[in-house]
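Heads up: the protein sequence lines correspond to chains L and W, in order. Letter by letter, the first sequence follows residues 122 to 446 in my numbering. Letter by letter, the second sequence follows residues 57 to 425 in my numbering.
I should point out that these hints are in silico values taken from the structure, not numbers from a laboratory. Only a predicted model underlies this, so the values are computations on that prediction, with no experimental measurement involved. Incorrect hints may have been included.
[Unchecked claim] Now the stretches of chain L that chain W is said to cover, found in silico as 3 or more residues with beta-carbon under 8 Å:
1. 188 to 198
2. 207 to 221
3. 304 to 316
[Stated by the list, open to error] Not the full set, but computed from the structure, chain W residues with beta-carbon under 8 Å of chain L:
4. His207
5. Gly217
6. Ile221
7. Val222
8. Gly224
9. Val230
10. Ala236
11. Glu261
12. Val268
13. Ser402
[Unchecked claim] With a straight-line cut-off of 25 Å between C-alpha atoms, the simulated SDA-like cross-links for lysine to any residue are:
14. L:Lys136 <-> W:Gly240
15. W:Lys239 <-> L:Gly170
16. W:Lys239 <-> L:Gly172
17. W:Lys239 <-> L:Gly228
18. L:Lys301 <-> L:Ala445
19. W:Lys239 <-> L:Lys343
20. W:Lys239 <-> L:Ala445
21. W:Lys239 <-> L:Ser143
22. W:Lys367 <-> W:Lys239
23. L:Lys301 <-> L:Asp324
24. L:Lys136 <-> L:Gln300
25. W:Lys239 <-> L:Glu133
26. W:Lys239 <-> L:Glu137
27. W:Lys239 <-> L:Tyr298
28. W:Lys409 <-> L:Pro171
29. W:Lys239 <-> L:Glu150
30. W:Lys239 <-> L:Arg173
31. W:Lys239 <-> L:Lys301
32. L:Lys160 <-> L:Glu137
33. W:Lys239 <-> L:Met229
34. L:Lys343 <-> L:Ala445
35. W:Lys239 <-> L:Pro171
C-beta: ideal position from N, C-alpha, C; glycine also.
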Amino acid sequence: MRQISYAEALNEALKEEMRRNSLVFVLGEDVGRMGGLFKVTHALLEEFGPGRVIDTPISEAAIAGAGVGSALVGARPVIEFQFSDFMTIAMDQIVNHAAKLRYMTNGMASVPMVIRAPVCSGINLGAQHSQSLESWFVHIPGLKVVMPSTPADAKGLLKSAIRDNNPVLFFEHRLLYAQKGEVPDEDLLVALGVADVKRAGTDLTVVATGRTVLLALAAADKLAGEGIEVEVVDPRTLKPLDTDLIFQSVRKTNRLVVVSDGWSACGYASEIMATVMEQCFFDLDAPIQRVCTKDVPMPVAAPLQKAVMVSEEDIVRVCRQVLAA
Amino acid sequence: MPFTLSYAPLTPIRRGEGGRNPGEGARMRRWFLDRKFQIAVTYSGGNKLQDDISREDRLDWYRRMCLIRKFEEEIYNLNKAGLVQGTAHLYIGMEAIAVGACSAMNSGDLLTSTHRGHGHCIARGLDTGRMMAEILGRVDGYCGGKGGSMHIADVSRGMLGADGIVGGGIPIAVGAALGARLKGDDSVVFCFFGEGASNQGSFHESLNLAAVRRLAVVFICENNLWALSAPFAEVTAGGSVANRAGAYGMPGEKVDGNDVEAVFKAVTEATRRARSGLGPSLLECESYRWEGHSIFTRQEIRPEGEIQQWKQRDPISRYRTRLIEAKAATSDILQQIESQVAKQISQSTEFAKSSPVPDSESAFQHTYA
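So here's chain W without its partners, still in its complex pose (with noise of 0.2 Å):
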């Protein structure tokens, strides 16, 4: 059953009642818990593998799914062992848009990441071991120290950053494309971004700007439905993200962002749009962040209902689930996978833990180039 917008009628503000009209808070809220009841009951139908995808890929994007998975439940160990320096952002429950987006890609191409890019770092082929030390603070991080968690960048393979401000990535992709035109070379940037930054002014300028120079750019919203504390409906006006393309003449599209495979059909399409010129595209894919908003977030707003409701519609054992349904992998293949994960994340925190702290000198270098 495809999931529709519908709006029970607002009724006007009255002053001086902080703005907000008394239950309006409830209402929206309600709105909200009986909308994704709706997307429920949608993605129990959608059971079905995409044509044209090969064994080795699925096995592929199966194991970069289980591979972010493990690597942040051990960051979460980790900290809790106290070893995390600073805060982290886990993309647990999320691992089906990363993966499926960044199978798009091709070697060339570039991407822009957010404060929860652990995932997109992954599925573009990140060392686990170097991203680890990273996080603990050590010399062999992709950054010795500098930049932690919502820091991690790979030039070298197009990864241009995660991002701690919320839609500061987004104009910075453009910009990329548009260093890329000049260069003229024909690689897409990936850009993504939660659907907390789709309220950002850097948001809209950055669309319209990739939109009039018709730039290579897919726009890939991660709609994870809260904010920290602040759910989608009630801080969205028209209560979609994919809608807003329209406003700026580009393709939008609402995609279920726990289907590895539909994530990748999608963007597959946008890219080879923004590749043959023809510019940008909107993708908002729906999903949701099992996990508080940081290691640091003591306080769980959302209701435990709602966050056991969508660890039934996991990402990875869906797809566990859907491929051997379709006899496109055995259990004992799949578990083979789950093994290798495991003993490459061991090996990754292995590394870092015995990475050596950075010497207090490297603290004054690289300031300026």
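Just chain L, same shape as in the assembly (with noise of 0.2 Å):
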């Protein structure tokens, strides 16, 4: 199968879809002639034209703003933040319009609107630029919540978000653009709310999301080494969340780990933890561990951003102890 990077994924994503459905357009910073800061809009600008690849001024705001006025009318807005730090100079259009109009209107109103953001942690941007703050939206009703880690998840699950009839945040990783990955060249639907078993078994269970992922499946790969099946789950959804694949594999392998490249407190990890703890509880070997980002905002200077940020290193530490425990 021919192999692509994420970023390619994304961009064939959005090609395919803008082709299909006339509705569907692109609003946002440097998204037009400049391909998109991250080059995930590349080209599109002159297939689909400045009517459907909108250069936006810098208004996260009225960004934000613009793409639910959209939704309402029957348009489908993919905004692209150059950060996803920027989403929360968007907060009140995301959180008290995006997620609520269905439901304060009973129905009557809907927001199929997706917003595209990278956590760009891992090149040095410091605190401003280096945030995963997926968990915030997982916590608001109305919204869904999707972080894909391979190029084919990155298609198949941006085609089913912009197909979607809610607003979807669509969590992507700046060190995840460039992987590579085997993706079919067919129309592929990756539906929204199932989880993927990355690797297969049968000692504990990872659950990891995002740029996480990868580190997860060589810490599985390390432990392999020395005799230790690890089962990696990526929720890949991580609202509304399937449940039932973690339970499946929690139950098999009866100790689990979660990672997170947000922070532990009320977090992404946290939730997945608090989830299994309330449904599998007496098919745990072992207290449940997690792996976050170091609770301090993110340094700039390479020594110290590593520090910080979650490594594979921390990943087999802990999983050690939870086969310990």
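Since each chain comes alone in its own frame, lean on the hints to assemble the complex.
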């Protein structure tokens, strides 16, 4: 099968969905002429024109609000924020409007909108450009949250997100854009709300999201050398969560480690832990542990950044602890 | 006598005094009250109807203004009776803006509204019974009791929703215009907001975005001079919302918001401009809310004399007098309209009161499409 990068896979998804439905359009800073800061919207302007690939002023609140308004009248906006940190500027429109309008109108309105944004930790950009804020949005009823880890998932999930009739927050990761992987040529759809076992194992389950799935797989390889078989589960969609697959895995391995690029306090890892505790407490042979970004803002200098970010070594170490418990 | 802005020279603010010179608050308030006195002079002279408006339209506008007034009075009474669920922000005193503006709309046009949105809904032709049912939290309400006063919407009529966040509807209006353009229709979006929203970032971002994309939006600021307890002049630099249009390269106009025909004329012109592809405009319609900020507001900050002064400029009785003086209607006909309105409101109340309360199961529906 052909191999393409994560960024190319996203670009294909956008092109295919824009060809398929003339109401799909792209809105954001530098998405047109420049093809996106990280090239995900590359060459869309040439194919679809400035009416559907709209370079905006630096106005995140208005961009998100314009997405909501256009979605209310039947368009299907795909918004790009250059860094997921910038979503904080648009919180009112995302949280108070996009998420709530369907409910507040008793189903009369719907907001079929996608907001794409990369988490950009790992490229020395520091505290305002490195945050993994997905758990903020998972908290909110009315939103869906997606975080793909492979090129194929990126493509299939983005296409599904664009076809979905709800607001979907789509978290990419800067370090994944260049990662290559097998992506089938055909019209690939990955349903929202379906998790995936990225590696089967019997001794321990690791639930990881986004970039950390790759770290978990590397950690699993290392532990396999010691005869430990780790099962890596990628939820892919953080909300709605495919709890069944996670429970199934935990009931098989009886041990769980959760990995997230977010912080631990009220983070996505906490949510997975709590959910598993509620349903699988008596299946567990050891306390669940989590591996998260250390509880400080992200520093810039390489050794400092390395100390704060989730690493393969962290995962290996915590897996060993859970296995020893 | 036309009103002109004038500023007393401000003395530099000294440190350590709460960021404000002694007496400055009082001075600004005085400036503010003086300013309104001048407006009163302007209004007392303006006793002329516009040309080219049919008798049917005039009577219909009178009817709609009365309908809004009566509706709001009924909500006030229903609240006293303990029947309103949550709060409501009454539109009494501002009826001419919604009616004048919505009368300039085509059937395919769209609007976004505010927390003080009942007037816009009624002027756009929403059903007063279903509105009332929503405010009483009943199953026949526009939102089945999930939205309440601040979230009434009717997407089928282009009413994209009242909004509980000050300034929240402004970027949505811009997006609706973007969506309409993408779909290839020529609808215009009417974006209502208060003067308080003109100090939100969303206002400035939205005007800029609408202007650079030349979108078909008419920004209609309802300046009722007070944001809860904050007088307009004290919290708004430059002393004018309309003037801010200049910064975004669009026409800005100040309109007498208590004159339904003046509002209609100004909005019609802005709409013509928007529909022909020339882009957005900003209108600042000056008016006054007679009641407190909301039906929850216990304390009235505004001076009683000021409230009474504005009641003298009641947009409804003023229009009534004009119509009779200009022989555009007889007192009998207007009385007939008033009693029809009273009847409609009492029917709406009956409808709302008899509508069942929603089943608690419905709280768990419609989070997702």
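Status of each hint after checking the structure:
| no. | hint | in the structure |
| --- | --- | --- |
| 1 | 188 to 198 | holds (count 10) |
| 2 | 207 to 221 | holds (count 4) |
| 3 | 304 to 316 | violated (count 0) |
| 4 | His207 | holds, 4 Å |
| 5 | Gly217 | holds, 7 Å |
| 6 | Ile221 | holds, 5 Å |
| 7 | Val222 | violated, 10 Å |
| 8 | Gly224 | holds, 6 Å |
| 9 | Val230 | holds, 5 Å |
| 10 | Ala236 | holds, 6 Å |
| 11 | Glu261 | holds, 4 Å |
| 12 | Val268 | holds, 7 Å |
| 13 | Ser402 | violated, 26 Å |
| 14 | L:Lys136 <-> W:Gly240 | holds, 21 Å |
| 15 | W:Lys239 <-> L:Gly170 | holds, 15 Å |
| 16 | W:Lys239 <-> L:Gly172 | holds, 11 Å |
| 17 | W:Lys239 <-> L:Gly228 | holds, 22 Å |
| 18 | L:Lys301 <-> L:Ala445 | violated, 35 Å |
| 19 | W:Lys239 <-> L:Lys343 | violated, 54 Å |
| 20 | W:Lys239 <-> L:Ala445 | violated, 61 Å |
| 21 | W:Lys239 <-> L:Ser143 | holds, 9 Å |
| 22 | W:Lys367 <-> W:Lys239 | violated, 45 Å |
| 23 | L:Lys301 <-> L:Asp324 | violated, 29 Å |
| 24 | L:Lys136 <-> L:Gln300 | holds, 20 Å |
| 25 | W:Lys239 <-> L:Glu133 | holds, 24 Å |
| 26 | W:Lys239 <-> L:Glu137 | holds, 19 Å |
| 27 | W:Lys239 <-> L:Tyr298 | violated, 33 Å |
| 28 | W:Lys409 <-> L:Pro171 | violated, 52 Å |
| 29 | W:Lys239 <-> L:Glu150 | holds, 22 Å |
| 30 | W:Lys239 <-> L:Arg173 | holds, 11 Å |
| 31 | W:Lys239 <-> L:Lys301 | violated, 37 Å |
| 32 | L:Lys160 <-> L:Glu137 | holds, 16 Å |
| 33 | W:Lys239 <-> L:Met229 | holds, 20 Å |
| 34 | L:Lys343 <-> L:Ala445 | holds, 17 Å |
| 35 | W:Lys239 <-> L:Pro171 | holds, 14 Å |
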